[in-house]
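Let chain A serve as the given structure and place chain B on it in line with the hints.
2 protein chains.
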Amino acid sequence: MIMGRGLVNRLLALLAALAAVPLPSAARAEDGYKLWLRYAPLEGQAKAKLDAFKPRVLTTSTNSATLAVAAHELIAGLNSLDGDKRDPVGSNPSTITLDCRPGNGSDGSFEVKSLRHEIRISGADEIGCLYGAFALLRELSQGHDPAKINLAEHPAMPLRMLDHWDNPDGRVERGYSGRSIFDWWKLPEHLDQRLIDYARADASIGLNGAVVNNVNASPLFLTDRYIPKLKRVADAWRPFGIRLYISVRFSAPKEIGGLPTADPLDPAVQAWWKVRADALYAAIPDFGGFLVKANSEGEPGPQDYHRTHAEGANALARVIGNRGVVIWRAFVYSAEDKTDRAMQAYNEFVPLDGMFDANVILQVKNGPIDFQPREPFHPLFGAMPHTRLMFEGQITKEYLGQATHLVYLAPYWKEALGADTGRGGTVAQIIAPAGMAGVANTGSDRDWSGSHFNQANWYAFGRLAWNPGLSSEQIAREWAAQTFSRDPQFLDKVVPMMIASRQAVVDYMTPLGLAHQMATGHHYGPGPWICDLQRPEWNPCYYAKAGKDGIGFDRTAGGSNALAQYAPSVGAQWANPKTMDEDYLLWFHHLAWSYRTKSGRSLWDELVHRYDRGVAAVDAMTQTWSSLQPYVDPERFADTADYLRIQAEEARWWRDASIAYWQSVNGLALPGDAHPPAHSLEYYKSLSFPEAPGQ
Amino acid sequence: MIMGRGLVNRLLALLAALAAVPLPSAARAEDGYKLWLRYAPLEGQAKAKLDAFKPRVLTTSTNSATLAVAAHELIAGLNSLDGDKRDPVGSNPSTITLDCRPGNGSDGSFEVKSLRHEIRISGADEIGCLYGAFALLRELSQGHDPAKINLAEHPAMPLRMLDHWDNPDGRVERGYSGRSIFDWWKLPEHLDQRLIDYARADASIGLNGAVVNNVNASPLFLTDRYIPKLKRVADAWRPFGIRLYISVRFSAPKEIGGLPTADPLDPAVQAWWKVRADALYAAIPDFGGFLVKANSEGEPGPQDYHRTHAEGANALARVIGNRGVVIWRAFVYSAEDKTDRAMQAYNEFVPLDGMFDANVILQVKNGPIDFQPREPFHPLFGAMPHTRLMFEGQITKEYLGQATHLVYLAPYWKEALGADTGRGGTVAQIIAPAGMAGVANTGSDRDWSGSHFNQANWYAFGRLAWNPGLSSEQIAREWAAQTFSRDPQFLDKVVPMMIASRQAVVDYMTPLGLAHQMATGHHYGPGPWICDLQRPEWNPCYYAKAGKDGIGFDRTAGGSNALAQYAPSVGAQWANPKTMDEDYLLWFHHLAWSYRTKSGRSLWDELVHRYDRGVAAVDAMTQTWSSLQPYVDPERFADTADYLRIQAEEARWWRDASIAYWQSVNGLALPGDAHPPAHSLEYYKSLSFPEAPGQ
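Chains as they are written, first to last, in numbering that gives the first Met the number 0: chain A, 0 to 694; chain B, 0 to 694.
Treat the hints with caution; some may be incorrect.
The list treats identical chains as one, so a pair stands whether inside a single copy or across any two.
[Said to hold, decoys possible] With a straight-line cut-off of 30 Å between C-alpha atoms, the simulated DSSO-like cross-links for lysine-lysine are:
hint, residue 1, residue 2
1, Lys147, Lys273
2, Lys273, Lys684
3, Lys684, Lys253
4, Lys48, Lys547
5, Lys684, Lys230
6, Lys112, Lys684
7, Lys112, Lys53
Because the hints were derived from the structure by calculation, they are not lab data.
Computed from a prediction, not measured in an experiment: that's the story for all the values here.
Only chain A is shown next, with the shape it has when bound in the complex:
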């Protein structure tokens, strides 16, 4: 057989179609590393418009590092959008002007306006110009007309951060995307290029801070040896407007300071912290501050010395002074406290309102338990008017399918951010003086986030911290256009798929307000039968309270009365199961299996119905994705298809294992149209995954 190249290529195409022939990466399209900053070449009208505008020239008022980054991004971005084949100088050169006040003393506000032969980017400061450059490229990447840009934006809140739960040895707690992006071992001598690319990605969506280590903190980050390492990272991030923060271990004065105590009121302890803070600020003048998980899940804290959280936080805040902040986590619950776990943080912190120093910020998770697929908003929001509260969301999907399940989280966060606290505004308004922190999903995987669609959650978190008023749809649309394809036929299908994905995961994992039904340790897969863990509130059975009589956690006045922690107007909306939004039903109410839901179905039938609905929604996502193959490169298409296959399998696992267990409790038959579980309850109980990631 003799073949010209055309024939050879045809032969290869034929062979490549065989599953048995995996080809090396030379044949690969895209691996996801570029995130939403691909600047894929424009086509058709959009390209014609960019060509007509021909922005060939840049002006800039200074040569700061930040403006150099902005200019580089614009040149590289425009070249890439233009297919990297632009003439060096056009016949009708228009101008992109970067015009901003020197330094970074302001908030990064910017305007981007199309004028005659000019697009003017004006920044309140240099970071404003960088944000403006990214905003312009975002518009152009979506194919918008360069002659019609008119943006004026300012951030909704000052702190827009990622929290990295990364350990110094490179392991990431609740990380599902490889090792840590931080290679502390090779720092300071070697800075990985990825840390530059990371800062660029953060800046492109308006993020301006990062806590580089796990809240379950190693004291190493407070040692002299780590200061040059941290400095190298902070120096690299500064042009991108990313401030560096560290998590600190409250007992560090004992562990590495050689002191007999870490009592925050002890002068020697305070002096020790002062020396550490001063050393950090000497190396990193814009060091952001400390994040602290104290007296939570075994971590040390001020209560070890019979001091309050306020006394502990203030002791650290005073050594930081006006140079930065102390971010103190409100995620506390106690082994001794027999109160409903959902109520403990409120009970602990509300009495301390007004007692925190001005540079202390209390970081509160979106809901009162722990990043469950659905929770009502945290009752602390609005309940501490004299304390700055910050929102903590989880981008890494610890409880929502981890790396592989496609779950777009913007609707999830907006559900909390948009909730009216009944106490002076929505959650978004309450946190506006402070900010938002997202537990990062970044790792060393080539796609950064464990899957291509997980990148959307990093993107959405940044965009929402910049502007919580953006709709989930808009964010999904602009992300998908930049990440995959700006073809409207693609976007019109992928955006609804993304939007629907959140209700899907709620339905197949924990419908109707159930929560915390996952397996122990790795938190992967269902474990509703688990009831033998040491602390009661670690057990799924604590949350579902399923028995012959019914299911659900009674948080009404007749039960734990967690409802009373909300403003009366808010509590009222959840007090009556007959009138309330049933998405929260079993979070607040314990109801008989025969209870009649709004659908007319019994609670049991409705529960099964919702599990089935979740499985069906994943199947629909799979079908939608299949139809999008023409718009996506082969590698990212196949990756996503693989993960949807996993998600479809595991949605069934969640449904079937849960139903098998509830049946063992209630003895009820399935509704007529429901599929029985594929396996026995014993089978589901027997599954074990000691190598599951993220622990």
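Relative to chain A, chain B alone:
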């Protein structure tokens, strides 16, 4: 300031020169992912010759998966060498013919011959054709004339393997290049592209097998759940000629089989192993077999049941049958055995010679201790004429600077392979019926191996397993030409630098035959003072035996008499310190500090001299590398320069900490021209690196 693009670019160049402006990866050159398979465009005469030959057409006799891979590699490689700008059909089309016997029943031998208008690749089997394709591309990549190719090669040994010490959760024991390349969690549904690219790289250097999990083995790999995962990998690797092996845990019948014992003579245990092996072979017909670390460093083994290693190995070998092999590691030493650790494996295994089944292979490390910077060859080589012995080398540089130190290992392995055992040939000849296994240095880092130069060790190991007769220089030269630049001016400098790097690391870490002087656990950095670990042979002091009277381990007849384990002719060469190669001096002899070495210097002065020589050699490498900047892309140049800076610092650390300790023992002054240690011994002892990688 208004600038045309030229001006902007000049401004950017200016700004980029400031250390404060790190630019995103759009500006990057190469990240190392392509390894030695870059096929960088030819220039000048080499390009003219390729153009003159114009090999446009391929013929192939079948459409097997392996030949599809070979054809794809040739097309992609030729296009890339030609700058990806080749005409679809040339005017004078020459032919590359792939002509091989169907199937893979032979050994992968091949010929590649330039004829008139043709290059003919003939393979003894299909893998032979693939090897021939890679060999042709290797020649062309070096700029050799396509009209003068004349290769006829066959492998020196049947098993050419990598051993991955990778755990199922993604951590790599003694791994310094990120997480495992194996993502068992996402398998079988998702196979990472990297596993294809890995198999391609292996095949390109003639490797044909890989053990996918750590010798400290998790029993998970023997469970039903792992079979589809392993099958997916094996299926992907098959076209590349890579057979899959697993490490097995000897006690698995108890841990996952539910049996009360793992006694290899127990029929139920044997039946259990049979079922496991049959299940693996049902899924993977060409499954390679088992690797076993038994009764070694706490791992379970047959001796737990008072059975010999032979009884244990044979029990497993019989369930494998003629389908594969059992590779049994000879790396054993005992807490109870008070003999010189260097002698224990020999004592344990030599009496078992002739007792192993035919499909058992004994895997022996290059030296009798454990991959130290320099060891004499292992006395087992040649001492078991009725047993097939396999060579185990360590590509990951656990004891040789790990990720960052530049140490080219071909001279290291060739030192052992070329050693005459005095018992029927060199080590290379002894192992020829079996093969070589290298402990892999692959990981999820973008550069695969933790540094660009570490890739050379992966490459060299494969090339030496194919042909141990290749010189270190030739391997270095062809690797560097493919990986960095084929410019002779570059090669003439980089190759000697690589060759010198091995003696350098010996000199600054453990000169004159010292060994095992590293810190505990992570094995990073010096720890000659360590003498308080539970087992005597875990302590550096056990190996150096330094005291007021002298230093070194007496392995002569007056001491442990390890010398007697070697053939008399071999032992004789090391018996007399006055005449022997002083590179092994303190391995075999305990000598007074005042002992006069061949240089005329006292032992103490010579020791200090060699430490200094090692430091100077690293400084020379740094200078050489600086001079090579014009030949290397910026990113890989900077990465390497960073690591050389680390190596230069750490060479001094090794020298100074070691000298400070020896001085505390011998009380001697330094020779006049020597620099005193930079810090006190107490300082060096105080250093602690709990986050060091690879543990």
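(request) First find the shortest C-alpha distance between Lys147 and Lys273 inside one copy, then the shortest across copies, and answer within, between, both or neither for a cut-off of 30 Å. (result) neither (52 Å within a copy, 73 Å between copies)
(request) Give the relationship of Lys684 and Lys253 under a CA distance limit of 30 Å: within one copy only, between copies only, both, or neither. (result) between (43 Å within a copy, 21 Å between copies)
(request) Can you give me the call for Lys684 and Lys230, within, between, both or neither, at a CA distance of at most 30 Å? (result) between (49 Å within a copy, 26 Å between copies)
(request) Classify it for me, Lys273 with Lys684: is the Cα-Cα distance of at most 30 Å met within a copy, between copies, both or neither? (result) between (51 Å within a copy, 28 Å between copies)
(request) Evaluate Lys112 and Lys684 at a C-alpha cut-off of 30 Å and name the case that applies: within, between, both or neither. (result) neither (60 Å within a copy, 62 Å between copies)
(request) First find the shortest C-alpha distance between Lys48 and Lys547 inside one copy, then the shortest across copies, and answer within, between, both or neither for a cut-off of 30 Å. (result) neither (67 Å within a copy, 84 Å between copies)
(message) Within a copy, between copies, both or neither: which one fits Lys112 and Lys53 at a CA-CA cutoff of 30 Å?
(response) within (16 Å within a copy, 54 Å between copies)
Of the numbered hints listed earlier, those contradicted by the structure are 1, 4 and 6.
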